[in-house]
Structures are given as C-alpha cells and as structure tokens.
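There are 4 protein chains.
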Amino acid sequence: MNKYNKVVLAYSGGLDTSVIIQWLKENYGCEVIAVCGNVGQDSELEGLEERALKTGASKLYIEDLTDEFVNDYIFPTIKAGAIYEGKYLLGTSFARPIIGKRLVEIAKKEGADAICHGCTGKGNDQVRFELAVKAFDPNMKIIAPWRIWDIKSREDEIEYAEKNNIQIKINKETNYSKDMNLWHLSHEGLDLEDPANEPKYDKILELSKTIENAPDTPTYITLDFEKGIPVSLNGEKLSGVEIIKKLNKIGGENGIGITDMVENRLVGMKSRGVYETPGGTILYQAHKNLEELCLDKETAHYKEMVSLKFADIVYNGQWYTPLREALSAFVDKTQENVTGTIKLKLYKGNIVNAGMTSPYSLYSEEYATFGEDAVYNQKDSAGFINLFGLPLVVNAKMKSKTKGEGK
Amino acid sequence: MNKYNKVVLAYSGGLDTSVIIQWLKENYGCEVIAVCGNVGQDSELEGLEERALKTGASKLYIEDLTDEFVNDYIFPTIKAGAIYEGKYLLGTSFARPIIGKRLVEIAKKEGADAICHGCTGKGNDQVRFELAVKAFDPNMKIIAPWRIWDIKSREDEIEYAEKNNIQIKINKETNYSKDMNLWHLSHEGLDLEDPANEPKYDKILELSKTIENAPDTPTYITLDFEKGIPVSLNGEKLSGVEIIKKLNKIGGENGIGITDMVENRLVGMKSRGVYETPGGTILYQAHKNLEELCLDKETAHYKEMVSLKFADIVYNGQWYTPLREALSAFVDKTQENVTGTIKLKLYKGNIVNAGMTSPYSLYSEEYATFGEDAVYNQKDSAGFINLFGLPLVVNAKMKSKTKGEGK
Amino acid sequence: MNKYNKVVLAYSGGLDTSVIIQWLKENYGCEVIAVCGNVGQDSELEGLEERALKTGASKLYIEDLTDEFVNDYIFPTIKAGAIYEGKYLLGTSFARPIIGKRLVEIAKKEGADAICHGCTGKGNDQVRFELAVKAFDPNMKIIAPWRIWDIKSREDEIEYAEKNNIQIKINKETNYSKDMNLWHLSHEGLDLEDPANEPKYDKILELSKTIENAPDTPTYITLDFEKGIPVSLNGEKLSGVEIIKKLNKIGGENGIGITDMVENRLVGMKSRGVYETPGGTILYQAHKNLEELCLDKETAHYKEMVSLKFADIVYNGQWYTPLREALSAFVDKTQENVTGTIKLKLYKGNIVNAGMTSPYSLYSEEYATFGEDAVYNQKDSAGFINLFGLPLVVNAKMKSKTKGEGK
Amino acid sequence: MNKYNKVVLAYSGGLDTSVIIQWLKENYGCEVIAVCGNVGQDSELEGLEERALKTGASKLYIEDLTDEFVNDYIFPTIKAGAIYEGKYLLGTSFARPIIGKRLVEIAKKEGADAICHGCTGKGNDQVRFELAVKAFDPNMKIIAPWRIWDIKSREDEIEYAEKNNIQIKINKETNYSKDMNLWHLSHEGLDLEDPANEPKYDKILELSKTIENAPDTPTYITLDFEKGIPVSLNGEKLSGVEIIKKLNKIGGENGIGITDMVENRLVGMKSRGVYETPGGTILYQAHKNLEELCLDKETAHYKEMVSLKFADIVYNGQWYTPLREALSAFVDKTQENVTGTIKLKLYKGNIVNAGMTSPYSLYSEEYATFGEDAVYNQKDSAGFINLFGLPLVVNAKMKSKTKGEGK
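Protein chains in written order, with the UniProt record's numbering: chain E, 1 to 407; chain W, 1 to 407; chain C, 1 to 407; chain X, 1 to 407.
Honestly, I wouldn't trust all of these hints.
A pair holds if it fits inside one copy or across any two, identical chains being indistinguishable in the list.
25 Å max Cα-Cα, derived SDA-like pairs, lysine to any residue [claimed, not checked]:
hint	residue 1	residue 2
1	Lys178	Glu304
2	Lys163	Tyr220
3	Lys152	Ser364
4	Lys288	Leu190
5	Lys203	Glu366
6	Lys101	Lys152
7	Lys345	Pro218
Everything labelled a hint here was simulated from the structure, so no lab data went into it.
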C-alpha cells in the first residue's frame with residue numbers, strides 16, 4: 001500500500017465518509033482534511049465541523065459552491081438542452097466535477113498528497129470525481145476506499161464504526177440511496193431495484209408532493225430569459241440560485257419533475273432510479289419553448305443532436321474536456337437571441353405552455369396563416385416541391401427503366 | 001393552362017374539396033374521380049358518396065386504409081421513436097404518404113391524367129402528397145388549386161360555392177383548422193396564431209378532457225409489446241387499430257397527450273398548433289420505457305440520433321425514399337428484443353411508469369446494487385477510470401508543460 | 001414584368017454577363033451597374049472596365065475581395081475540415097456568398113432596386129448568390145435572366161449578341177464550363193457529362209500538370225500553422241493569399257489536387273465535374289495531419305461529424321446562417337492548440353507526410369510504446385476491458401438465459 | 001493465481017506466443033492448445049505445427065478463416081465505407097473478432113477453461129480479442145500474460161526463452177512491430193515512434209513498391225460490384241479472396257494504399273503507424289465512386305455519418321454488438337442498387353477514376369446539362385430558392401426590426 005501524509009477527503013458527514021476518515025488514518029497514518037462542497041444541500045451542513053473533527057479529521061472546509069454551480073454548470077447545461085437518455089436532468093453528474101475541482105485546489109493549498117472519495121466502485125460518481133482530479137492535477141493520487149477495503153456492506157460499515165468508536169448517529173433503518181443538491185434529489189435502491197415495481201411515491205418523494213396530492217388549482221408563473229439564461233421569475237429579477245430555489249418550491253408543490261427510469265451507467269450496467277427535479281424540469285421546458293420561437297429550424301435541429309452528445313459528456317464526467325468546451329461554444333452562439341418571456345401553468349405534474357413572447361421571435365403570423373401575404377408567394381411552393389422532390393422522380397424513373405429489377 | 005380528361009381528387013367532403021370539383025370541371029372540362037382515404041376519421045364518411053356525386057364527382061372511392069396506416073406507417077414510426085422537434089408525433093405527416101400512394105394506384109386504374117389535392121401553398125401537406133405521387137408515378141401531373149386559383153380566403157370560397165350552386169352545408173362560423181385521423185387531431189388558426197395566447201383548451205379539445213376535468217382517480221393499464229410493436233392491452237390480444245382506438249379513449253379521458261408548440265414547417269416558416277394524440281402518446285412512452293430495459297446503451301444512444309433524422313424524414317413527406325427504408329432497416333434490427341410488458345398509471349395528463357418486465361431485459365439487479373457480485377469486480381473500475389481518463393491526463397500534462405500557454 | 005431603374009449585376013466580362021447587360025436595358029429600361037468581385041481570378045480583370053462600358057454598363061466596380069475571401073471564408077472552412085461528399089473542397093461554394101454580400105452593399109450605396117446574376121436555373125450558384133442577397137437585404141429584388149428569358153443555348157446567346165451588336169470577342173468553340181478563383185478551378189460539360197468517360201486531363205488541366213508529367217523528383221515543403229491557420233511556408237511568414245498562391249504553383253507543378261466526381265447538387269440532380277485545387281488540397285492534408293497530433297480523440301471524432309454538416313451548409317450557400325456561425329464557434333474552440341509544423345513530400349499527385357511537430361502535441365512516445373512507463377499501468381487494461389465489455393457480457397448472459405430465443 | 005487445466009492460446013509461432021506456451025505451463029500447470037487463425041498471412045503457416053509442438057503445445061489448430069474473413073467482416077466494412085480517423089482501413093481491427101470467435105468455439109469443443117492471447121496491455125487488440133470472447137462465452141476466463149508477467153521487454157523475453165530452452169529462431173535485430181493479413185500490413189515502432197520522422201519507406205514497405213519505384217506506365221483495371229460487393233476484376237468473376245489477392249499485387253506494384261498516421265487508440269493514448277493496404281484502398285475508392293452514381297443524396301450524406309460510427313465500432317472491437325448489427329442492416333439496405341462497373345487508372349500511388357457505369361445510375365446527363373429538358377423546369381428554381389431561403393429572410397427581417405440589437 002502507498003504511504004500518504006495528508007489526504008483531502010470529499011466529506012458529507014454521513015456514515016460512509018465518517019468511517020473513511022478513520023480508515024484512512026488507520027491504513028495510511030495520514031492527516032485527513034475533510035472538504036464539504038456545498039452545492040445546495042444546505043440543511044445537512046449544520047454541526048458538520050464538529051462532527052468532522054470528532055470523527056478524526058484535522059480540519060473541515062465548507063465551500064459554498066452554489067453560485068458557481070448554477071452559473072458555470074447548470075446554466076450551460078440548460079442552454080445545451082442536455083437530457084440523458086430522454087429523462088435525466090444530470091443533477092448528480094454536473095455536481096461532481098465542481099466538487100472535484102475544488103478538492104484539487106484545496107489539496108494543492110494544503111500540500112496534500114492524495115484525494116479520497118467515498119463513491120462505490122459500481123457507480124458513475126467515482127469516474128466523475130476522478131476525471132475532475134486528473135484534469136486539474138494529473139499526478140495527484142486518488143484513494144477510493146470502496147474499491148479496496150474489506151467493508152462490503154452497510155452492516156460491515158456499522159460494525160467498523162462501532163468497533164472504532166466513531167461517534168455518529170447511525171440510522172440502522174434501511175433507506176433509499178439518495179443524492180441531493182440545489183438541482184435535484186435522486187433515489188435508488190430497495191424496492192426500486194426491481195423495475196417491475198411501481199415506485200412508492202408516498203414514501204420516496206421529499207421535494208415534491210405526489211401528483212395526486214398536488215393542489216386542485218393551477219399555479220401560473222412567468223419566466224424571463226436572456227441569452228438562454230433565466231433572469232427573472234414572475235417579473236422579479238433574481239439570481240440563478242434564487243430562481244431555482246423558488247421554482248423547486250413551486251414545482252414541488254405541484255408535483256412537477258418526478259422521473260422514474262432505468263438508465264445506462266457509464267461503467268457498463270443499467271440501474272433504476274427516481275429523480276425529483278421540480279425547478280429544473282420547469283426551466284428546461286420553459287427554455288425549450290422559448291427556443292421554438294427564437295431558433296431557426298436548421299440550428300434547432302442540429303442542436304438536438306448536440307444536446308445528445310452534451311448529455312453524454314456531462315453524464316460521463318467529462319466536463320473538463322476540450323469537447324465539452326467546444327460544444328459549449330456552439331451552444332452559446334445559438335443562444336444569442338434566446339431572450340423572451342415564457343408563461344407556464346403548473347398543475348398536478350403538468351407544465352402547460354400558457355403563452356410566450358420574444359423580441360427576437362422568428363414566428364410570423366403573417367407567413368403562417370392561410371391567406372396571402374407580402375413575402376410568401378404560394379406559387380413558389382410548386383417550384384420548391386419539384387426540386388425538393390426531384391431525387392424521388394429520378395429514382396422512380398430509374399426503377400421503371402430497370403423494370404423493377406432495382407429497388 | 002394544361003388540358004386534362006380525368007382527374008383524381010383527394011376528397012374529404014368539406015367545403016374546400018367540394019369547391020375544387022366544380023373548379024376542376026369548369027377550368028379543365030375534365031371528369032373528376034373523388035377519392036377519400038380512410039385513415040381513421042370514420043364519422044366523417046357517412047353520406048359522403050351522395051355528397052360527392054351531388055357536387056359533381058363522377059365517382060367516389062372510399063378506401064379503408066386504417067390497418068395499413070397502423071402497421072406500415074404508425075408502427076414503424078413508433079419503433080423509430082421519431083418525434084418532430086421534441087413534441088409532435090407526426091400524425092398528419094405519415095397520413096399523407098399513404099393517401100398519396102393510393103391516389104396514384106386509382107389514377108392508374110382509372111387512366112386519369114392528373115391528381116389534384118386541396119392543400120394550401122403554405123403548408124407541409126402539399127409536399128407530402130406530391131412527393132408520394134412522384135415516388136409512384138414520376139410523370140403524373142399534379143394540380144394544386146390553392147396555388148393557382150383566384151380564391152384567396154374562406155369568404156371567396158363560400159361566394160364561389162354559392163355562385164356555382166354547390167349544395168353543401170356551409171359552416172360560416174370561423175373555426176380552427178383541423179386534421180383528424182386514427183392517430184391524432186391537430187388544431188391551428190384563430191387565437192392560436194399568436195404564440196402569446198394560452199390555448200383555450202375548453203373550446204379546442206375534442207378527443208381529450210382537459211387535465212383539470214380528467215378523473216380524480218388514476219387509470220392503470222398494461223401493454224404488451226413484441227419486437228417493438230404493441231400486441232395487447234390489459235392482457236387482451238388486439239389488432240393495432242383496436243389498441244389505438246381503445247388507448248385514444250382511455251388516454252383522452254385522462255387528459256393525456258395534449259401538446260402546444262411552435263414548429264418549423266418544411267416550407268420555411270414557423271407555425272403554431274395544438275395536437276391531441278392521446279393513444280399515441282401512451283404508446284410512445286410505453287415503448288420508450290421498454291427500450292430502457294431491452295436496448296444496450298450504445299444502441300440506445302445511437303438510436304436517439306436516428307430518431308431525430310427519422311422524424312425529419314417523415315415530417316418532410318420523404319416516406320418513400322431509400323433513406324427512410326434504410327433507417328427502418330436499422331430500427332427493425334434494434335427492435336428484435338423489444339418485447340415485454342409495461343404497466344402505466346394515467347392520471348390527469350400524466351403517464352407514470354408503474355413497472356415493467358421483459359424476458360430480454362438487460363437490467364440486472366445483481367450488478368446494479370451496491371454490494372459484491374459474481375460478475376462485476378469493483379477493482380476493475382480503477383483500471384477503467386485510468387484508461388478512460390487518460391486523455392485528460394495527457395492533456396493536463398501537455399498544458400502544464402507548455403506553462404499554460406496552451407488551452 | 002417588374003419595372004426597375006437601376007440594377008446591380010454580378011459581372012465577369014464573358015459572353016453571358018455581356019449579353020445580360022443588353023437584355024436588362026432592353027427589358028427593364030434600367031441603368032446597369034456592373035460589379036466584378038475579384039476572388040483571385042486576376043488575369044481575367046484586365047480591360048474589364050472598357051468592356052463593361054462598351055457593352056452598356058454605366059459603371060464597373062472591381063472589388064478586391066481576395067484577402068477577405070481567404071481569411072473569412074477559406075480559412076474557417078479549412079479549420080472545419082469541410083469536404084463535400086468526400087472530395088470537393090468547396091471552391092465555388094464559398095466564393096458566391098462573399099460576392100453576394102458585396103453586391104448588396106453596392107446596391108444599397110447605389111440605390112439600386114434589383115440585383116442580377118448570370119447563373120443558370122439548374123445549378124447551385126443561383127441559390128448561393130440569392131441566399132446571400134436575402135441575408136443582407138431581404139427585400140431586394142433579384143433577377144435571374146437564365147430562368148426567365150428565351151435564350152436557351154449558347155447558340156441563342158451568340159445570335160442575340162450579334163443581333164444587338166455586342167462587341168465582345170466570342171469564342172465559338174465549345175469548351176468546358178469553368179469556374180476559377182484563388183482556391184480552385186472547376187470543369188464541367190462536354191465529354192465529362194458522361195461519367196463513363198475518363199477525363200482527358202491533357203486537355204482539361206490548367207492549374208496543374210498531369211500526374212504523369214509532374215517532375216520525377218519530389219518537392220519537400222514545410223507549413224506552419226497557428227490555431228488551425230497556415231502562417232508560413234518553408235519558414236517564411238506569408239499572408240494567407242500568398243501561401244495559397246505559392247502552394248497552387250508548387251502543387252500544380254506536382255499534379256496535386258485533381259479530383260473527378262459525380263456530386264449531388266442542392267437543386268436535386270447529380271452532376272459530374274473535375275476540380276483542380278492544388279494549394280487547397282495540400283492545406284487540407286497538412287491541417288488534418290496536425291490535428292492528429294493536437295486534438296484529443298473525442299474532439300476529433302465529433303469534429304468529423306461537424307465537418308460533414310459544415311460542408312453541406314457551405315455547399316448549399318447557407319454561409320450567413322446562425323447554424324454556420326454556431327458551427328464555426330465550435331470549430332474555432334477546437335483549433336486553439338492546432339499549432340505546429342508539418343513537413344510534406346509532394347510527388348506526382350501524392351502528398352506524403354514527412355514528419356510533424358507541435359508544442360501542443362498530445363502524442364507521447366512514452367505511453368505509445370510497448371514497454372513500461374510511469375503513467376500507464378498495463379494492469380489497468382484488464383479493468384477497462386471488463387467494464388467496457390460488460391454490456392456484451394450482460395447481453396450474452398441474457399441470450400443464454402432465453403435459450404437463444406432472443407437475438 | 002487461478003488454476004487452469006487446459007488453455008486455448010491464440011498462436012502465431014513467433015517469439016511471443018512461443019514463450020507464452022512455456023509460461024502458461026509453468027505457471028498454471030495446464031495443457032496448452034495452440035490455435036492459429038489464418039486470415040491471410042499464408043506464408044507464415046509452414047512448419048507451424050512442428051514448432052508449436054516442439055515449444056510445448058499439445059495440439060495445433062490451423063483454422064482457415066480467409067473466406068469468412070472476407071465475406072463476413074471485410075465486405076460489410078467496405079459497404080459501410082468505414083475508415084477510422086479518415087485514414088485507417090481497419091485491417092487489424094476486424095481480424096481480431098473473427099479469431100476471437102473461433103478461439104471460443106475451439107475452447108468449448110476442447111473443454112478448455114481459459115483463453116490466452118499475446119497482446120500487450122497498451123494496445124487495442126487485447127480489447128478486440130476479449131470482447132469477442134465475452135460475446136460468445138461471457139463466463140470464459142481470459143489470460144493476458146503481458147498484463148501480468150514479469151517480462152517487460154524483448155530482452156526479458158529472449159532471456160526467458162533461452163533459459164527455458166525454447167527452440168525458436170530468434171531474430172535479435174530490432175524490427176518494426178507488424179501485423180499482417182489478407183487485407184493489410186501494419187508497421188509500428190522504432191523511428192516511427194517520433195511523428196517528426198519521415199517514414200523510411202524503402203525499409204518499411206513489404207507489400208508495396210515505393211511510389212517513386214512504381215512503374216512509369218499506368219495500369220488500368222476494371223471492377224464489377226453487385227450490391228456493394230466486388231464480384232469480378234478485369235471482367236473475370238472471382239471470389240472475394242482472389243480479388244483482394246490480385247488487387248494487393250497490382251496495387252502494391254503501383255505504390256497504392258500507403259498510409260502514415262497518428263491515431264487515437266481505444267485505450268486512451270495516441271500511436272503512430274504506417275499501413276499498407278494496396279488492394280483494400282482500391283476497393284474502397286472504387287466502391288465510393290460507384291456510390292456517387294447509385295446513392296441518392298440524402299442516403300449518401302446520412303451514410304457518411306454512419307460510416308464514422310461503424311469505423312469506431314469496428315476499431316473498438318465491438319463487432320459482435322447489437323449496434324454493429326443494426327448499422328449493418330442500415331448499410332445493407334443502402335447497397336441494394338450499388339451495382340455497376342468501375343474503371344480505374346493506377347499510377348504511382350494514385351487511383352484515378354477512369355469512368356464508371358451502372359444500370360441503377362441516378363445520374364442523368366439530361367438534367368445535369370445547361371439546356372432545357374423535359375423534367376426540370378428552370379423556373380422552378382425561383383420558387384425553390386424563395387422557400388429554401390425563407391428562414392434567412394425571416395431572420396434578416398427580425399434583425400432589422402430589432403435595429404441590430406439581435407444577432
């Protein structure tokens with residue numbers, strides 16, 4: 001085993017990372033610097049420093065990353081319209097790179113010789129953390145205890161914690177495996193592990209009401225976007241963080257943004273999860289609607305393809321790659337005119353378009369309607385169709401010439 | 001103006017095509033054969049023959065195309081997962097080619113020298129009809145009265161009808177422009193022409209209840225698929241037509257499948273419409289869910305791109321092209337194992353996954369879970385990440401070597 | 001027919017545009033402003049003003065667009081790696097937009113009420129010109145005589161010229177239809193119209209020696225690129241225009257860049273042409289080689305797809321579209337490190353890589369070789385393969401479980 | 001270390017695999033079954049059985065896979081037009097899966113409990129072999145000595161061979177690392193490891209003359225294709241194997257198909273190699289030319305994208321995946337009319353199109369030419385351009401309305 005003097009640990013304060021502090025000290029004789037990157041899981045941060053020190057860390061950094069998270073990770077992804085496998089809004093995926101980057105910064109400042117994370121060896125997060133570390137310090141050592149230690153289950157973990165007198169309130173009850181941040185809350189495990197099971201939403205949901213329990217009267221909201229980014233809610237200019245927080249509340253209240261899916265992990269297997277992304281789902285829908293007005297067809301269609309790649313890249317933890325940056329350059333160029341106002345009706349899980357306007361709208365009532373207009377001459381269609389259809393004519397003539405021998 | 005002896009007309013029995021019969025006879029001195037392709041707009045077919053003859057047609061063909069429509073057009077498109085601009089399920093798009101093809105068959109049988117349709121010069125349907133005609137008879141003449149006559153509005157039309165004593169019940173009230181078939185009902189025009197207006201769903205919807213008026217208790221359904229095609233509903237083996245009809249009823253009752261969008265027409269402008277596709281929306285969602293279980297990741301991701309192209313092709317009326325056929329060959333190959341059972345909960349506009357199973361499922365609870373298993377060795381992840389992340393390491397090392405001069 | 005007072009004409013000085021001056025004056029009674037956009041066809045410009053005025057133009061603009069052509073059209077396309085249908089380096093395609101843009105600028109300055117071009121109704125160039133005009137002045141009228149007049153052949157044209165006493169040296173010999181600029185020379189027509197015919201290169205080639213007549217000793221050259229753009233040749237810093245001119249000479253001497261293809265025109269039919277692009281072919285190859293060193297794999301592979309779209313866009317005359325701009329934003333981001341030196345051997349039609357270096361090279365001899373190194377641990381491969389291959393394992397296990405019923 | 005009774009070894013008869021036989025027996029005490037898959041490296045097969053037995057194998061299988069290699073691997077890849085990174089014709093890539101598949105078949109027949117290969121831990125071939133094994137027997141154990149033993153260099157290997165009295169003629173001279181089969185010969189290592197070095201083709205090439213030494217008179221050949229597959233050469237019906245062999249000779253004589261590239265390996269690093277693919281390069285070029293005649297534009301353009309993916313898939317060893325099969329279904333559909341005759345001139349490294357014909361040609365001299373024809377009405381172009389250009393008009397009008405505030 002390698003020897004380390006000082007290890008920076010991605011720390012949450014839960015059982016896993018508390019046990020890891022002890023395990024690191026025991027196995028490497030190293031000092032452990034705990035780092036908690038705050039990406040919006042606020043309530044869990046109280047009392048964290050005390051807990052970290054009590055369980056053996058020499059120091060705790062609590063890094064407020066929420067603004068950076070929203071502006072540099074969430075908004076570029078909204079602009080890209082990136083959705084993984086048609087459903088997942090990437091809530092965990094883009095939270096890992098920002099934390100990984102901060103871990104490297106602190107490790108360098110502290111002169112640490114390794115970075116440690118508590119991700120299991122079967123998930124995507126280990127990849128996302130480690131790629132971020134590699135991008136910012138390709139020589140930094142990485143420790144992933146779940147891939148190397150003998151602890152193989154929650155029972156093993158609790159036993160280890162008790163044996164080592166790790167003073168942490170342990171919840172022996174089984175529970176879904178969760179990941180929470182400003183953008184979303186994910187749920188995996190237990191009965192969800194069988195895709196044949198309908199999710200027990202009454203027990204699962206924390207950010208949202210069930211669609212059945214949502215109010216019987218709709219909620220109307222208005223969102224203003226500038227260059228693809230939301231800037232105000234219901235007419236009030238707000239920071240990105242504030243908009244998301246408010247939308248999470250409004251959306252959650254109306255049962256918006258609950259997703260159940262079987263997804264393909266990067267590491268080769270499928271997994272099943274339930275996601276709550278109330279505010280995010282509203283923002284995606286609003287942004288998509290506005291693009292319908294403001295993007296021309298060729299740009300919009302090509303961007304659909306780019307969205308797919310962008311989602312893969314983010315999901316795979318490849319945020320800090322030249323390709324992600326080049327895709328973002330494409331996306332940003334497309335967003336220059338995505339400015340306007342979207343009105344939405346939220347009602348029991350539904351987001352209903354309730355009207356939209358933009359100074360850069362490419363929609364023209366004059367052209368769209370049935371009647372005559374100054375620009376569009378209906379006779380032009382005949383020529384258009386003849387040329388657009390010429391390849392079919394050529395093909396049909398070839399076929400009749402070859403007496404149907406050809407295709 | 002060309003001279004024609006016998007013209008085959010795509011006939012619906014409404015004001016437009018009734019006026020066209022008269023106009024054709026007046027302008028070309030030709031016999032008019034009316035053809036009504038039944039793609040599921042059943043109720044409108046009663047009394048149609050009498051009306052056609054009374055308004056001047058020499059003959060009416062009513063062609064039942066519903067089974068062919070479902071099996072050869074709708075199902076291949078569901079299997080492809082094709083959705084135009086993220087919203088539109090192509091209901092009108094794939095109805096035109098099948099009718100166009102039948103028009104050519106009848107024109108040949110009747111020895112007609114031209115085919116006529118009542119589409120305006122500003123829409124997609126003229127393209128879809130004419131491309132179908134060109135594909136099956138590249139020499140057939142096509143007449144599109146709206147692109148050449150002097151009638152420029154509904155008022156002109158009514159005046160022409162009255163002047164020519166065309167005996168048809170004329171609805172002088174303005175109304176949305178609609179297209180209905182087994183798969184969907186579309187609405188355009190009037191207040192919808194301003195995207196700032198929220199649709200008046202109470203007035204618009206015909207197949208569906210509004211989400212507010214849908215029942216307060218959910219409806220559960222079960223769908224079985226074989227090789228990507230729905231074969232039974234709630235355990236009962238049914239034809240494709242029957243499944244869609246029943247799902248339209250169930251879905252409509254629950255406010256499912258109502259879409260409001262600004263779309264990009266093929267002919268260069270944007271238009272705004274509301275679509276009702278209750279059964280179709282359920283089938284798409286069910287099929288997508290099943291693919292999550294049965295398609296491997298690489299196939300699923302590549303198919304997302306193919307879906308985009310397939311949607312464009314269908315929307316553009318290019319059904320009878322070598323590319324559509326080749327894309328379908330791709331799609332069919334991917335569907336060989338898309339067999340299984342999907343349970344869904346329908347509730348006030350929501351389609352909620354309520355469990356799914358497949359004998360070909362690629363999901364494995366054993367691999368997905370946290371703990372140890374026989375196949376997946378968590379230590380393998382370290383090697384995977386090191387190689388997957390190697391390009392980032394190489395890039396980072398190059399950058400540090402060039403002292404940050406590089407990107 | 002519309003009435004015009006002043007028409008700006010894209011003028012070359014050949015028979016076509018000379019005849020058009022007369023025809024415009026005769027049919028519209030308008031003043032004709034001739035504009036010749038110089039994009040590198042230098043030798044044809046001598047005596048042009050005299051000719052223009054003698055044949056009826058009231059004024060001739062000769063616009064030197066060569067530098068702008070290279071920097072704003074050619075270089076962005078090289079950086080994009082855009083090649084149409086695997087062969088065509090877009091020489092004519094990107095020359096039309098720059099001329100079209102200048103035509104609008106002059107038309108506005110002159111207060112002209114229409115722009116006229118001499119493109120036929122069967123080619124791509126009419127589209128490229130007119131799209132440029134529409135982009136910069138959507139209300140400008142466009143006159144395309146070949147689509148409307150009664151002249152249907154070269155014979156008709158000559159007859160019209162003689163009848164109208166148009167004093168221009170007329171070459172009655174038939175000849176290939178050509179388009180020449182700084183970047184390339186294209187040839188169409190005559191015996192080339194049958195793809196079964198081998199091109200008579202001895203008669204066709206003007207910029208290049210035949211590969212058989214090229215020298216028996218190779219020529220070595222060195223090209224330096226900065227951010228994807230060539231900046232020096234054989235160690236000498238040169239402008240883009242100079243580099244291309246010199247490479248045309250060197251390349252032409254060595255029989256480089258001769259292409260024979262059947263291509264798909266935008267307007268629906270196929271055509272066959274021979275292109276000479278000596279310097280351009282060298283630049284593309286050099287740039288591609290350098291990207292092999294400087295782009296990471298994911299960026300390089302995605303860029304291959306973008307190149308295809310970029311080529312379509314340019315070929316179709318859609319230079320001034322939001323999508324072309326967004327694709328260029330992507331491309332520019334990828335080029336930040338495409339800086340280095342390429343050595344090439346030119347020999348009888350071949351461009352042979354003769355070594356390359358870059359300060360941003362991502363190639364590492366240490367990693368690539370067989371033996372041990374500090375970064376790459378060969379044991380990692382086992383883990384990589386196990387995870388990369390996991391979907392195949394899962395699929396194989398599913399198949400054996402379903403006893404081969406599945407695929 | 002695991003224990004094995006019987007191991008099937010991918011055997012070539014060279015130093016590596018001879019040493020492996022000994023090492024397997026020493027470390028696992030197992031019986032070793034040597035398997036040589038003949039994919040066209042004929043000359044190396046003489047005396048192989050004797051050598052295998054003498055160096056410790058209990059049995060040697062020589063499997064003639066050439067016909068299957070050509071028909072089931074090479075031809076589908078030609079049809080797909082798959083080229084890795086614009087240069088590499090995948091010669092090694094598709095040879096590994098066929099051998100891997102045969103290894104599993106023999107392992108099952110022999111009751112072996114593991115499969116062993118001699119690939120290093122840094123290359124692509126380990127992945128290709130192992131993915132094939134996983135696809136056909138997901139439970140089969142795989143031994144990759146280079147990833148686990150202590151031998152780290154050629155010197156170590158020779159020492160081990162001498163110490164163990166392995167009777168094999170050892171070539172102590174350093175040499176390029178090569179891979180040869182019916183399709184190609186690759187070269188890596190030595191001076192090629194620095195991309196700054198020009199390859200010493202005089203020393204490297206084995207299948208081909210240098211372009212300088214190729215004959216001074218061109219060679220003309222004729223190839224007939226049926227549904228995308230070459231079926232005769234110079235008018236003589238031949239098997240695929242025979243066509244490739246003859247083209248290798250003719251092409252090699254004329255210096256055709258020599259490629260020098262820096263490529264991106266699957267395992268994360270770049271490598272530099274020289275490939276000789278004389279016959280293959282001719283077949284690709286001929287097939288591409290024929291597709292220019294026989295594929296319509298939309299199919300051809302989409303297929304360009306599919307080619308890129310197909311190349312990745314093959315390069316990555318993912319031959320036996322659902323996606324490769326689905327892509328092949330797409331490709332096969334596109335090839336139904338790719339039937340015709342291609343004449344080529346080969347001359348000092350150049351492949352020059354010398355005329356082509358096809359009964360399914362979609363090229364029409366009548367439409368392509370300048371003059372009038374029966375099908376194409378030049379006036380149609382005006383309408384086409386107006387609609388095709390409408391989005392630019394709309395965009396320009398929006399911009400002028402927003403007074404240039406927008407983009």
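Taking the numbered hints from earlier one at a time, note which ones the structure violates and give those numbers from smallest to largest. Result: hints 1, 2 and 6 break, sorted rising.
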